[in-house]
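The working numbering numbers the first residue of the first sequence as 4 and each following residue consecutively.
Among the clues, some could well be false.
[What the hints assert, rightly or not] Per label pair, the in silico range of CB-to-CB distance:
#1 GLY831 - THR860: 54 to 64 angstroms
#2 VAL372 - ASN597: 28 to 38 angstroms
#3 HIS310 - LYS330: 25 to 35 angstroms
#4 GLY753 - LYS553: 29 to 39 angstroms
[Stated by the list, open to error] No farther apart than 20 angstroms at their CA atoms in a straight line, the calculated lysine-lysine pairs in the PhoX-like style are these:
#5 LYS358 - LYS390
#6 LYS348 - LYS330
#7 LYS378 - LYS330
#8 LYS323 - LYS387
#9 LYS553 - LYS565
#10 LYS901 - LYS858
#11 LYS323 - LYS119
#12 LYS200 - LYS410
#13 LYS410 - LYS394
#14 LYS323 - LYS341
#15 LYS115 - LYS368
#16 LYS704 - LYS601
#17 LYS551 - LYS115
#18 LYS341 - LYS358
#19 LYS911 - LYS894
#20 LYS545 - LYS213
#21 LYS438 - LYS459
#22 LYS704 - LYS714
#23 LYS225 - LYS193
#24 LYS852 - LYS903
#25 LYS358 - LYS337
#26 LYS232 - LYS268
#27 LYS119 - LYS135
#28 LYS704 - LYS686
What the hints contain is simulated information worked out from the structure, not anything from laboratory work.
C-beta atoms are modelled at their ideal positions from N, C-alpha and C, and glycine is treated no differently.
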Amino acid sequence: MKFASSYEPGEYESDIYAAWEYAGIFNPTTPTKPIDDDGDGVDDREEGNKKRNTYSIVMPPPNANGNLHIGHGLTVALEDSLTRYYRLRGDSAWYVPGADHAGFETWVVYEKFLEKQGHTRFEYDRNELYAKVWDFVAEQRGNMELQLRALGASCAWDDLTFTLDENVIDRVYTTFEKMWNDGLIYRGEKLVNYCPKHRTAFADIEVTHKDEPGTLWDIEYKLADDPEKALIVSTTRPETLFGDTAVAINPEDKRYKDLVGKKVKLPLTDRTIPIIADEHADPEYGTGVVKITPAHDFDDFEVGERHDLERIQVISESGKMINVPEKYYDLTTKECRKQVLKDLKEQGLLKDEHKITHSVAHCYKCDTVLEPMLKEQWFVDVEKLAKEAMKHIEADEIKFFPENKKKVLLNYYNNLRDWNISRQIPWGIAIPMFKKADEDATDEPDWIFDRRTNLKEIEKGGVRYVRDEDTFDTWFSSSHWPIICTNWTEENYNPYYPLNVMETGADLLFSWVSRMIMMGVYITGEVPFREVYMHGMVLDSKGQKMSKSKGNVINPMELVTKYGSDAFRLGIMRGRSAGMNQAFSENSVIAGRNLCNKLWNISRLIQTFVDDEDSELKNGISRGLPEVTTEDEGVSPVTTGANDPSREDAILGSFSYSTDNMGEDWICREINECLDQVEYDIKNYRFSEAVDTLYQTIWDKYADWFLESQKIFKNVGLLKTTLSTLLIALHPFAPFVTETIWQSLSWTEGFIATAKWPARLEYDPISAEEFENIRIIVSEVRGTLTALPGTNNAKKYKLLYDNDSLVEDNQFLIKTLTRVPAIDPLEGSPRGLRLALANHELYLDVPEKVVKEYKDTLTERILSVGRELDALNLRMENPNYVNRAPAHLVKETQDQIKEKEALISRLKTELELI
RNA sequence: GGACCCAUAGCUCAGUUGGCUAGAGCGUACGAUUCACAUUCGUAAGGUCGCAGGUUCAAGCCCUGCUGGGUCCACCA
4 MKFASSYEPG EYESDIYAAW EYAGIFNPTT PTKPIDDDGD GVDDREEGNK
54 KRNTYSIVMP PPNANGNLHI GHGLTVALED SLTRYYRLRG DSAWYVPGAD
104 HAGFETWVVY EKFLEKQGHT RFEYDRNELY AKVWDFVAEQ RGNMELQLRA
154 LGASCAWDDL TFTLDENVID RVYTTFEKMW NDGLIYRGEK LVNYCPKHRT
204 AFADIEVTHK DEPGTLWDIE YKLADDPEKA LIVSTTRPET LFGDTAVAIN
254 PEDKRYKDLV GKKVKLPLTD RTIPIIADEH ADPEYGTGVV KITPAHDFDD
304 FEVGERHDLE RIQVISESGK MINVPEKYYD LTTKECRKQV LKDLKEQGLL
354 KDEHKITHSV AHCYKCDTVL EPMLKEQWFV DVEKLAKEAM KHIEADEIKF
404 FPENKKKVLL NYYNNLRDWN ISRQIPWGIA IPMFKKADED ATDEPDWIFD
454 RRTNLKEIEK GGVRYVRDED TFDTWFSSSH WPIICTNWTE ENYNPYYPLN
504 VMETGADLLF SWVSRMIMMG VYITGEVPFR EVYMHGMVLD SKGQKMSKSK
554 GNVINPMELV TKYGSDAFRL GIMRGRSAGM NQAFSENSVI AGRNLCNKLW
604 NISRLIQTFV DDEDSELKNG ISRGLPEVTT EDEGVSPVTT GANDPSREDA
654 ILGSFSYSTD NMGEDWICRE INECLDQVEY DIKNYRFSEA VDTLYQTIWD
704 KYADWFLESQ KIFKNVGLLK TTLSTLLIAL HPFAPFVTET IWQSLSWTEG
754 FIATAKWPAR LEYDPISAEE FENIRIIVSE VRGTLTALPG TNNAKKYKLL
804 YDNDSLVEDN QFLIKTLTRV PAIDPLEGSP RGLRLALANH ELYLDVPEKV
854 VKEYKDTLTE RILSVGRELD ALNLRMENPN YVNRAPAHLV KETQDQIKEK
904 EALISRLKTE LELI
């Protein structure tokens, strides 16, 4: 492959991905399913393959029916970077992709689709609907998978799991059966949050509470045996009074103490209901008297349980009034409220009304006000599960990123209520429970477990049973995700379980992560993952939450098309830390694209060096001095090792090298430090810092210093080695451009995606440190030239040195980096402008007139260094510091003082010269 | 009411176990540029680290209180 002059990601990305996929390199190298070739009945993986570490991570399954949003983009960037890193480290890396049937979400979409076609769900039975949605989703599924590929996700496609696959259903049924047998599942008539529009119940966690204005009405309930006396109750929902089965007052409330045990007449009806004492009534709120409607209010339900009250359901599942006097029957709750208020007013029972703000439960999908509804549902008794999970968490078997999520999760487990797992929608896994249909078979249980959910009706022991029509809450099956994706079974050893990490959005801590832990511990006895990394939300550029209604949604695919997949990945990771919601910045993506282009050009340059070297070798031309020397007559370019004959041997092997000058030693040191940092950062999930380190090493150090210096030296063996090292180190984060380059270079083999993570480079540390002096000199020259009056100073003034072997030996390098026209030894007395460098006698050959104009800058500089010196001296004057601070710090301070003092004296001399 | 998080340059954020003259990217200003890259190179300006105390030889970092912003949970008849 030939290098184009700029990197155009669109031209390479899909081919590169196809090549990876075709080569099968995303598949783990250790088998993921049991093998027993030697027939000894023991899983061979357990015996022989422990040499290779496994690294397992599963994808939080994106909705099979949708497109990826920017959150998925971040998810893939993070997870794939981890996967690729550990693959390079030599682990058997397994990134398991998934697709979610997204029960309720998809159902809502499908129901709208049905409505558009003029149909409703009630025209079909459950099995028909299931089949229809299946087809509907199947059509869409490819989209999301293509988008994952475009993002570079190196997942094992053969193992893609759809949340309605047979093995998922099997696993869920097995668990459910175990729970049923363990007594953790019960059927209960409880109040559930019910959406009258979608006609399904929700778990507590799916409910959105919003503060809204409302009205609190005071209604008079007359005493049954003394119509002269009455209690005033306060309510926001007068229409539910038909369901009242008591009125409650606080036991401490002296105003009403005598009335407890008496009865009141329920307005608009003939019923009388008792007055009870219960803590629930708050004497401070309203009149301190509260009506109790156990069938339509969560608190009242509990009061009802305590006092054994009857539950009268007065609102139906379609949101209409039932079990009410004829006049109100079949009205909607809204109409009924109006009528009730009107009638109460006419009878003089409506005493007052107050405007208030209260929080109201809404459907998180359609925003309809949820109705607390009395329903028979399946519940999971979570207490034991939560307790077990907490034990493992408290034993620190899971490491949380960010750390504080551990506390938040434990707090959640402590306040957990039982989990309603029944949903009244067809798109999901059928609950494998059947209800007895023969009334007279009194000895048989009312409900039995059976896996044959494809049948509406079954027979067992001569008794007929009818299937429960409901499906599981999607989180019930999702909580098995790590178990299912790793093919964990009760029978087999599994090197991939627990997962190394669970990476997902911070908003899923309760709904998903908490349940995966409970389920993992319950089923396997082990936590399902060793670490949890939770990313925050990607906000829009102004820090606002993205939403369709606000119109500020950013489509990741558009960015991939515009800037490339790598640029998107690098950009979205930058500036992000665990658990924090952070604004999206297109500029960061642009910075990412620029890095890719930079790397491309770096590689292009190095390839030309390699090509030149190859053709020279081929033509039998021995390595000579750099051509730039011709301009500089009279100066002999003696550089360390440029002519070292031993190097000829070194560069013949494509990855062997030697370091021959300070810049080379220095870049080796910098690259090693970069590798240390990247390894540390990935281990600690500091993605942004890892990328930042690479960015700076590649750009500021490798390109701007090392490569510039290599324009003179051209140590080809080292260039090959260092470039390969940096490419591999960046590969986890920018897989496409690094692979494209890898495939274009003449000396690389195979895929970079399966290369070996680089070893540390060998170098001479003293020489590396020496190069820092060159950097300081060069920076000082550049800074001073810029600060001098006039333009184009770099071209005007020569650099003079006096008795300075460092400068003398490296004059070509310094000349190239500073662009001064010449570097000469100082002859005669000092002239020009002396540079403010300790230990170096360097002058810029500047006319006296210009030096004078520079005087102010110099004075300011002396003052500033003086201030720094004062601070240091102050520190040393403090006996406590000298005595108590670590010795090396004290020494460091002393050294700094010496340095500053020397610098000041030099600057002063310089000033005096002027 | 309970829990958690945040506050550092104009903007977005780093700052690892307390030890630099508090950093980066973007933006801004000035300058350069036939020789890999204008998706480039160099230089610079810009900060009382939200406020007030405390611990320490030493605090952006630890402790206490306050102010401002955000998130979640519970409750709201």
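Tested hints:
no.: 1; hint: GLY831 - THR860: 54 to 64 angstroms; in the structure: violated, 26 angstroms
no.: 2; hint: VAL372 - ASN597: 28 to 38 angstroms; in the structure: violated, 51 angstroms
no.: 3; hint: HIS310 - LYS330: 25 to 35 angstroms; in the structure: holds, 29 angstroms
no.: 4; hint: GLY753 - LYS553: 29 to 39 angstroms; in the structure: violated, 47 angstroms
no.: 5; hint: LYS358 - LYS390; in the structure: violated, 43 angstroms
no.: 6; hint: LYS348 - LYS330; in the structure: holds, 16 angstroms
no.: 7; hint: LYS378 - LYS330; in the structure: violated, 26 angstroms
no.: 8; hint: LYS323 - LYS387; in the structure: violated, 39 angstroms
no.: 9; hint: LYS553 - LYS565; in the structure: violated, 23 angstroms
no.: 10; hint: LYS901 - LYS858; in the structure: violated, 24 angstroms
no.: 11; hint: LYS323 - LYS119; in the structure: violated, 25 angstroms
no.: 12; hint: LYS200 - LYS410; in the structure: violated, 37 angstroms
no.: 13; hint: LYS410 - LYS394; in the structure: holds, 13 angstroms
no.: 14; hint: LYS323 - LYS341; in the structure: holds, 14 angstroms
no.: 15; hint: LYS115 - LYS368; in the structure: holds, 13 angstroms
no.: 16; hint: LYS704 - LYS601; in the structure: holds, 13 angstroms
no.: 17; hint: LYS551 - LYS115; in the structure: holds, 17 angstroms
no.: 18; hint: LYS341 - LYS358; in the structure: holds, 16 angstroms
no.: 19; hint: LYS911 - LYS894; in the structure: violated, 26 angstroms
no.: 20; hint: LYS545 - LYS213; in the structure: violated, 24 angstroms
no.: 21; hint: LYS438 - LYS459; in the structure: holds, 11 angstroms
no.: 22; hint: LYS704 - LYS714; in the structure: holds, 15 angstroms
no.: 23; hint: LYS225 - LYS193; in the structure: violated, 30 angstroms
no.: 24; hint: LYS852 - LYS903; in the structure: violated, 28 angstroms
no.: 25; hint: LYS358 - LYS337; in the structure: holds, 18 angstroms
no.: 26; hint: LYS232 - LYS268; in the structure: holds, 11 angstroms
no.: 27; hint: LYS119 - LYS135; in the structure: holds, 15 angstroms
no.: 28; hint: LYS704 - LYS686; in the structure: violated, 24 angstroms
In summary, the structure is inconsistent with hints 1, 2, 4, 5, 7, 8, 9, 10, 11, 12, 19, 20, 23, 24, 28 from the numbered list given earlier, while agreeing with the others.
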